[in-house]
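There are 2 protein chains.
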Amino acid sequence: MTDILGKNYIGGQRSAAGSVIVKSVDATTGEKLPFDFYQATLEEVDAAAKAAAAAYPAYRSLSAAKRADFLDAIADEIDGLGDDFVALVCQETALPAGRIQGERGRTSGQMRLFAKVLRRGDFYGARIDQALPDRKPLARPDLRQYRIGLGPVAVFGASNFPLAFSTAGGDTASALAAGCPVVFKAHSGHMATAEYVANALIRAAEKTGMPTGVFNMIYGGGVGEALVKHPAIQAVGFTGSLSGGRALCDMAAARPQPIPVFAEMSSINPVVILPAALNARGEAIASELTASVVQGCGQFCTNPGLVIGIRSVQFTAFQQRLAGLIGDQPPQTMLNAGTLKSYGKGLEKLLAHSAIEHLGGSTQQGSQAQPQLFKADVSLLLNGDDVLQEEVFGPTTVLIEVADQAQLSAALSGLHGQLTATLIAEPADFAQFPELTPLLEQKVGRILVNGYPTGVEVCDSMVHGGPYPATSDARGTSVGTLAIDRFLRPVCFQNYPQDLLPDALKNANPLGIQRLVDGTPSREKLA
Amino acid sequence: MTDILGKNYIGGQRSAAGSVIVKSVDATTGEKLPFDFYQATLEEVDAAAKAAAAAYPAYRSLSAAKRADFLDAIADEIDGLGDDFVALVCQETALPAGRIQGERGRTSGQMRLFAKVLRRGDFYGARIDQALPDRKPLARPDLRQYRIGLGPVAVFGASNFPLAFSTAGGDTASALAAGCPVVFKAHSGHMATAEYVANALIRAAEKTGMPTGVFNMIYGGGVGEALVKHPAIQAVGFTGSLSGGRALCDMAAARPQPIPVFAEMSSINPVVILPAALNARGEAIASELTASVVQGCGQFCTNPGLVIGIRSVQFTAFQQRLAGLIGDQPPQTMLNAGTLKSYGKGLEKLLAHSAIEHLGGSTQQGSQAQPQLFKADVSLLLNGDDVLQEEVFGPTTVLIEVADQAQLSAALSGLHGQLTATLIAEPADFAQFPELTPLLEQKVGRILVNGYPTGVEVCDSMVHGGPYPATSDARGTSVGTLAIDRFLRPVCFQNYPQDLLPDALKNANPLGIQRLVDGTPSREKLA
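Protein sequence lines correspond, in order, to chains A and B. Each residue of the first sequence is one higher than the one before, counting from 1 in my numbering. Each residue of the second sequence is one higher than the one before, counting from 528 in my numbering.
Hints are computed from structural coordinates only; laboratory data are not their basis. Where is the CB? At the ideal position from N, CA and C, for every residue including glycine. There could be a bad hint or two in this list.
A partial selection of chain B residues facing chain A, derived with a Cβ cut-off under 10 angstroms [as the list claims (entries may be wrong)]:
#  : residue
1  : Lys-577
2  : Ala-581
3  : Ser-588
4  : Ser-590
5  : Ala-592
6  : Asp-656
7  : Pro-660
8  : Thr-964
9  : Thr-1004
10 : Asp-1026
11 : Glu-1051
12 : Leu-1053
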């Protein structure tokens, strides 16, 4: 088993300058694990940011192929993390081994997909407008554009995906792909896991000859603020709560030099069950929806937190069936004590609200989360009541019954921004409710038909983003290859000598990439 | 001549609910022009934002081809603005007629270029990952991504380009192209000009059957704050001062729902004159640089405000020559009294600084701007003194003499973010100073060789952006077709029925656009 040193990762070295020790916890028993983690001092935060800044000029200047080799090497190292690693992650998070094994594959697969993007070269956004010396009234100079990394990126991982959204997760992968060194703030919920993964990253960096400082990691509470405010940091990736994400956004915006933050925060992921589908397969929908609500103890950003249907005999039957199914689900252990406490508080808010009824689920108590079903009056959506708008993170969902088609649109219009919306529908429903797609498109990053939002494919077309408060910037995504765009900026070269241009923009097109040449996509060499 | 009504443009109507009258001024004489402009009331600001929001669902749902027709129609209307219009713009801005005629062509050309982008279809960013039903361990759903407009955009035009960066300028053009209705805040420096252009826009909207509210315009001081804070506004485009731009950024970040702001603000556009070039053509460089510094009375975002060279006999001669040339330039009338006052204050700051020497130019006084040349000690850059970092908007520039090659890099490293940097160089210089391109690339949006930064081509490859404080977000540009990206966000469809997908994502590819299909660019139909 790997030794857990608990020291911060700064510029290729381990550092333990501070005296504050933080501990990791067995998520199931609540007992402290036998590892000491050294909370980074302010000087160590500074050193980590500076190490990333020092690595940036060399790292960003590497060819995309070299960076791709690095990402592939990280993937190999992550795949090589064995049973002892999986056992440790399970201990820190209470997630089942199968889930962790799957997440390991997702995490390495994500790295390899970004390596593909680097070799494909479309991330460069290469554009060439050749000189027009004879143009009247003025000649046009030769202009060429490509994209480079913003600079060092601070990444804050999520508790709920200790691998795929954490140390070597999507934010780190996309930042490294973009040519940005990373300073990662280890999540307090899985610091030993983070250490394993950081070691894998460092091994890959050493094997592929990356500059030291390309990846840095710090431990401890309260160190995030100093990191986000550090002048060397040029962008932030975050996955977590609305309050945490918004706090980082506010800090970043108030810096002498404001920097972009992509924070993936709060989403209740409405599922709309339309009448013909309810008629045709109400029982199956109730079972599938229940499975989605309690999957992974409801600890998904895309957990369906709101289920909307139109008043009918069928909907009443569906509601009863769903209440029974949810009530029958066993309790599950959550990621950590904090998550369980938040879940309890979220449930109390729902239970205390006069316009919300409790339909199913055992009383929340003890050390595990009890799945719950509620029903809220549609007026809460129509009037924009806050109680429905922030997610209750855990295995719970809220039913809404609307009076008719018009009220369905009105209720959906009352929603804030979301990561996802789902339509459960038959062809007859699509014919009857054509207004739903354009309406939901304005609210969300991803619209699904006849599926469930849990399960976020890592691919070119995925959007794991959406209008506020789902994220802090609807123009980004934290899953899928488009995530790299968050960390790139364009640079233009005017009348530049060929040999000084980056390869992506040379006439000879040595990378063989597609470029927009005088307004037309082309892989041709230029004369 | 068009009647100037001075009423706000709200949802296709003219509105003058307020009692505060603002006046436009003859820039040369300082006399008030005989037009009354009705400052928008808070209710009118609200109505304008709501009109844009009401137009958004219909406008964004139009085909890109229809939006392209609208932009082309705007271009035609702008081209049709005749001599009386040009005379009025000259009166409001003191810019010469030739410049305004050129800017008119640039503005209509910009609209037509965005129409091309819409027809080309790459702005959709269409991506398709087809279903893999047999994939193990889990099937992959069908996932498709395209981009839609963010929603209503507030635009604040610049004083220095009353056409190309104003009412129908690059921000408005890119927002309208993206499918975003616009609320434009007319610049107080050219409100009659704005009215002419707004009329042209409205005529084009009516001719092409656009929804009313696709373009709105409000007059007056202090109305911008209410506009940026309005919940219907989803993004902001701004060109102007650092203090003005930063204030808007701070407001936008502090909203209950933060929104993106692209503010193009302050840049001193360093020009580095390398030794071999200085040797080969020092006299010509002095003449060309002088012309660039005083062009348009120095009222360009890309005016070269800092000139850096290495200590030598040649550089001393160059400095003397430049001082003489700048001293010989006639004074010019600035855009308005406020600009002249700011220019005077900026000069006073430079004159008062103990480490800055005045080399050339007549004493600033009277109603016109006197071109000036200063020389600052390199320590100001090395130590990050603020005095050199904010632009002095007008016909002035500051020389810096560095001791040697190492100090040149150190001085350039001390610069904040810039729109442009320029190298005046011979092949021998490039061989001797290979460190400059990677260094400058980290500082700027555009690097030029052997040209001058004034003159910003409107094309696919242009970047008129750069790290803070040049802009508020280095990932954007306000000139060139990439400007549309600022106002687009991705949406993903999962397992969506063919007939409900947007045309850009249908199997049949009815738009004939290039899409990223399973990781490969393709224009093919899918089975």
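Query raised in the report: What hints, given by number in increasing order, does this structure fail?
Result: Hints 1, 2, 4, 5, 7, 11, 12 contradicted; others consistent.
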